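If you use the working numbering, the sequence shown corresponds to residues 9 to 196, in order.
Certain hints may be false.
To be verified - Straight-line Cα separation of at most 25 Å, DMTMM-like style, residue types lysine to aspartate or glutamate; simulated pairs:
| hint | residue 1 | residue 2 |
| --- | --- | --- |
| 1 | Lys115 | Asp94 |
| 2 | Lys90 | Glu43 |
| 3 | Lys80 | Glu103 |
| 4 | Lys70 | Glu103 |
| 5 | Lys70 | Glu82 |
| 6 | Lys115 | Asp129 |
| 7 | Lys90 | Glu103 |
Simulated from the structure, these hints should not be mistaken for lab results. Since we're looking at a predicted model, the values are computed, not measured.
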Amino acid sequence: MHGGSYDHPGQNKHSSGPACLRKRTHTWAQGFDLESVAGAYWRGDESKAMLQRLYGTAWDSKAQLDAYYHLKAEAARRDHRKIGADLDLFSIQQEAAGGGLVFWHPKGALVRHQIETFWKDLHLQRGYNLVYSPHIAKLDLWKTSGHYDFYGVRTRVGGGGVRVCVCMPAAKGRLWEAACSEMEGRGA
Numbered sequence: 009m010h011g012g013s014y015d016h017p018g019q020n021k022h023s024s025g026p027a028c029l030r031k032r033t034h035t036w037a038q039g040f041d042l043e044s045v046a047g048a049y050w051r052g053d054e055s056k057a058m059l060q061r062l063y064g065t066a067w068d069s070k071a072q073l074d075a076y077y078h079l080k081a082e083a084a085r086r087d088h089r090k091i092g093a094d095l096d097l098f099s100i101q102q103e104a105a106g107g108g109l110v111f112w113h114p115k116g117a118l119v120r121h122q123i124e125t126f127w128k129d130l131h132l133q134r135g136y137n138l139v140y141s142p143h144i145a146k147l148d149l150w151k152t153s154g155h156y157d158f159y160g161v162r163t164r165v166g167g168g169g170v171r172v173c174v175c176m177p178a179a180k181g182r183l184w185e186a187a188c189s190e191m192e193g194r195g196a
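Turn these sequences into a full structure, and let the hints steer you where they fit.
Have a look at this one:
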């Protein structure tokens, strides 16, 4: 990584290359830090060359860089996924449900219920009405609402192709499986 001369556009400076970043002698480099490195094959193909990814952050000053790392540490300390697991409120089981889907434990389900009740009561007090829509409906409904084009949804034909029903874009996978099984059982 040594040798050669590197231009810094608009600054009329020359340096001996990337080594100057390690020394942090230039004021413009004091707000810069390399956070991590990773390798990746070109287009995910192991037979192709491995590329190097560099993840870094740059700020106007070292004070701003330090403030960024302080906020990052606070965010890690307050990570709801860790806190929820530590308090036995919920678990996220990648192998059972997929990315980010929550299994509420008894204490967490109670907290969720209390928050939902508070939210509903507040909305009713302020004159709002509550509505509920089905999790599964005819494909035409999701096309009319714009959900089908915007989100793309999982479709499943029930009853030998007689009717196409589609799961609400935000619905959970297990709900979808149960509903489809019921539809097939009725010959829908």
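Hint by hint, here is what the structure shows:
no.: 1; hint: Lys115 to Asp94; result: holds (12 Å)
no.: 2; hint: Lys90 to Glu43; result: holds (22 Å)
no.: 3; hint: Lys80 to Glu103; result: violated (28 Å)
no.: 4; hint: Lys70 to Glu103; result: violated (42 Å)
no.: 5; hint: Lys70 to Glu82; result: holds (18 Å)
no.: 6; hint: Lys115 to Asp129; result: holds (21 Å)
no.: 7; hint: Lys90 to Glu103; result: holds (18 Å)
The structure shown violates the earlier hints numbered 3, 4.
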